[in-house]
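Chain residues, written in single-letter form:
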Amino acid sequence: MTDHDVRLTVNGVPRTARVPARRLLSDCLRHDLGLTGTHVGCEHGVCGACTVLVDGLPMRSCLLFAVSVDGAEVTTVEGCRAPDGGLGPVQQAFQDCHGLQCGFCTPGFVTTITAYLRDNPDPTREQAREAVGGNLCRCTGYQNIVASVLRAAELTGGAQLTGDGRS
Amino acid sequence: MKPPAFTYHRPQTLPEALDVLAQVGSDGKVLAGGQSLVPLLNMRLAAPAHLVDVNRLTELAYVRATQEVVRVGALARHADTERDAAAYRVLPLLRQATAQVAHPTIRNRGTTVGSIAHADPAGELPGVLALLDGGVEVASAAGRRTVGAAEFFVGPLESALRPGELAVEAVFPVPPAGSGTAWLEVSRRHGDYALCGAGVLVTLDEDRRVAAARAAYISVGATPVRVELTEAVAGQAYDAADWAAAGALARAAVEPDDDIHATAAYRRHLVGVLTARAGRAAAAAAAGVADPDSAGEGGE
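Chains as they are written, first to last, in the numbering used here: chain A, 1 to 167; chain B, 1 to 300.
The following block holds chain B by itself, in its conformation from the complex:
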């Protein structure tokens, strides 16, 4: 359980980091929080020849929120994102989902952007990025590009990042006015990987009827799974929408696998249940009222 030997690089600035990443190419791996990477190294599931430690790039340790977008730099820890008051005001979903990333001890070190770059289909932040149609700012010695969530997540632990590239920022668009969100998971214990996690975004019209609804699910596919729910609930009152129908729609749209933690059938069942619960909660949040379920739904 010791990591394999590697050559260590600790650039002090972003341009220096991009130079090193360009030199080491596909033999290199970025070390940020390391809370996913170091277990892989300890278990010898990965053995990069070079690790490029970006922990000195303090210029990337930021969470910046405006009315339109929340930008999270590559060195913002989960705990920073979770606690950021300005980000919470415009995008409560970030805190709702981040609070369910492992345990506080892990969130003190692991980074929001690293979690996205790791592209674990059980990861909360990839699900949030997918739900919001967000994107990743990617830098390399050759320049910059922006990759949308739909293109960024390619497969399990596989992203669209190329050798020599660094994900420098995650971009989370703020949903339009009249929107609400919820993030719910079922796991064996709080802090474990979710057997299924669901984020729902609901937008209401001026009469508090559902104008649009969509969901993203984690742990039920090779990447976060986006499902449009609008057709099941469009035009319905926020507190009387048929979220069970939305759940049925989502159940039919996912293709989970069996593993030692849960069967595919159980995961599919959870997709339906969590869609209904999160849908109701998101609609209530959009309407600015308390979630009718919240009294009995803690601890998941």
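If we strip away everything but chain A, and leave its shape as in the complex, we get:
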């Protein structure tokens, strides 16, 4: 089985890795590229912890082969920070609303919500629940996560008003 050269743009930075064909994108990010923010939970597409943005769209990185997305732009939770290196709006919202306890599921929530708010900047509470319906959390009971979605929408809207370009 030959290895394959994979080129990805991860959080805006061109990266390369030489991987076996069976290397999952989740493992490529963590093991080959050292980006351990992406967490691996169930490894069969159910829990959502490994969700990253591939060419802007949220996808399960445990259900993608790195070689199959050769050339793609990938955004991980590390890429959801603010331009100044501080917390991005979704990350800030999770802190504000106590949206995480152990934090294992959080990277998948942050990426999923980042993409969701880009397309739906002003969700209702019901829509916010639906937005995170594909992600599992075993600590918080989801109430604070839903609150975090709404808070992130506020923060993103505020960012637009102040024109700092974060949204």
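No farther apart than 20 Å at their CA atoms in a straight line, the calculated lysine to any residue pairs in the SDA-like style are these:
| # | chain 1 | residue 1 | chain 2 | residue 2 |
| --- | --- | --- | --- | --- |
| 1 | B | Lys2 | A | Cys42 |
| 2 | B | Lys2 | B | Pro48 |
| 3 | B | Lys2 | A | His44 |
If we take Cβ atoms under 10 Å as the criterion, some of the chain A residues that face chain B in the derived model are:
| # | residue |
| --- | --- |
| 4 | Pro20 |
| 5 | Cys42 |
| 6 | Thr51 |
| 7 | Pro58 |
| 8 | Tyr116 |
| 9 | Gly133 |
The hints are simulated quantities; they were obtained by calculation from the structure and are not laboratory data.
Just so you know, even glycine gets a beta-carbon here, dropped at the ideal spot from N, CA and C.
Following the hints, put chain B in place on chain A, whose structure we already have.
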């Protein structure tokens, strides 16, 4: 939970893909969206020696709708099918059912045709294809053939595709004028596999009486189950048809199994309930009026 090793092929064109599939034969498996295949690999329930990745065959990334038919190419993602405005205009059922395929994250990658080729009896798209009497365009190095839905679904995760073949297009016929559809499911949570799903197609005559009705069910058999409902509701007004009788007819026609998620008896019960609800909704849609149930039936 790591996939077994395999030899990876990434053809750039359809003819190249068909050549590779012909070479690898029964040792090969097609990788499109992978949202069903990769879990099977991760859990080591499948171990193909060769994976043929068709994600570069952008010529197959299309949804084409006319007044007669919606054609979905092998690389159209669920999200593409769901959002396609032209397809929705002529065949709302595609969006109704696709919106209930897993979660948006899965629909961003998984493909409509892949879902059909996977032939999961819990899959929505196989049910839609069965309901509409659609078909699958199949290509191989030896040529092309069209397989109708009734022949395509052979058993659980088993289709009529042969080694070396690629399902290149799903063909969804548009029902005649005066038709309406609905797709309803009951699942433990939205996005989970349906405990039972039902699609109903109703065609009305010029007096808005039921001329024909049929249904397809998922998660209640080894393949999607088609049931003709016309005899229960023929000639009845669209807003007063005996959909409970249609439900009884369907309950008698299905043979669901028990599993850890639901008993066979409960699944059979759901067939009756969903037939009645979807029947009313489809008839209302055919008549061009709002579904009388829709206010209270969200979230399923």
